[in-house]
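Enquirer: Sequence:
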Amino acid sequence: MRYKLLVSGARDHFTCLAFDPSTKRLSILANYSAPFNASWVEPISSYGGIYHLVGLSEVDEAGSLYSFDIDDVHKTCRVTSELPTLGAPGHFRTLRDNSALALGTYLGGSVALYPILITAEDGLILTDDPRTELFPEFPYRTPRHGPNQHRQRQCHVHQILEDRRGLLFAPDLGSDRVWIIRRDGLKTETCGWLECPPGTGARHAVFSPDGLETIMYVIGELSHTVVAFDLSSVPAKAILPIDGFAPNIIPPDIPPEHQFMMDSSEICLHPTIPNVLYVSNRWSRHIAQRQSELKNVPKDLPTGDSIAIILLRDDGKKVKTLKHVQTNIDVIRGMRLSEDGKYVAVVGQEGGGIEIYSITGGAGDIWILEAGLSEGLGGGLKHAIWL
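Under numbering that gives the first Met the number 0, the residue at position 307 of the sequence shown is numbered 306, and the numbers go up by one with no gaps.
Since the hints were derived computationally from the structure, they do not count as laboratory data. If a hint is listed, it holds; no wrong ones were tucked in.
25 angstroms max Cα-Cα, derived DMTMM-like pairs, lysine to aspartate or glutamate:
#1 186 with 127
#2 186 with 161
#3 341 with 313
#4 322 with 338
#5 322 with 339
Make a model of the complete structure from these sequences and hints.
Expert: Right, dumping it as structure tokens:
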């Protein structure tokens, strides 16, 4: 079986790749023109060699949200609808009822709903109906910033999740909260939040893989810790983390004083194996440049960033084991598992291109490098999806 992937990032094109497990080879199939800096893309549907997708353009002043088609047969890409966003958009999600896209704007500090129309022939189209926008209240009013004064001066919504009941959850790096949002059609209101420890910098989150969504795991971009929340009392205000659950995902050979300018990034579940989390970190090779005041940074740099594999106990509330996989990817910005859970793609913003690892073992904790490709890809990779 041959797999196809689409990678994107700080560039003006998408790249379609083929991965052949039998030959352990990655190859470039085609490049397609794209809006600049597509840092997040999601597939919607496919039919007859045509892929319907949605992407965002992460531009600081005014980004955009757009739908597009890729014709795999004729090697063409066409934007089918596009609308501006407030500030740099970070992440979006198609709502379960297919009525709208929920968008988090990192620099705009908002959660916006964009009405959509989905058909078998055209896929997803953004309609001309006006969006609605919710601005959570920044909690650090005195002294007007969070513990990290350079990164926490306003709300920075980084992701949107939706539970089975239709409640939205929005991790906010600036406020150290995951906002809980109730909606009625396109009307939204904040109805509570998960309270991360100060300085966490909530970036991304996942629901527990038990199908019941009883726990949420949140990766702190600034703290490099994963915090967990019992969701049994949701919605409510100031829900505190589960006591004693805060594993640091940075490899133990990097001392705490070298971690301040590192950024944790992605957190993923396995689609079929329960009780395992995969979490990535960034900037392991750039500590000396990003913290020039440090005098004792090793000159022998790691080959790339690492992935933390966290094995959980049966109830999901305690860590059983934490281990690391060393990659050759420089500044891991994107990580995505294949739908069958056999492989994971990892891409680098500063170099290393893309690597594919197989995932084996009963606990999903054995990663084996199967293929890598950097030639012809360039830098700036931020995202990868399996088509």
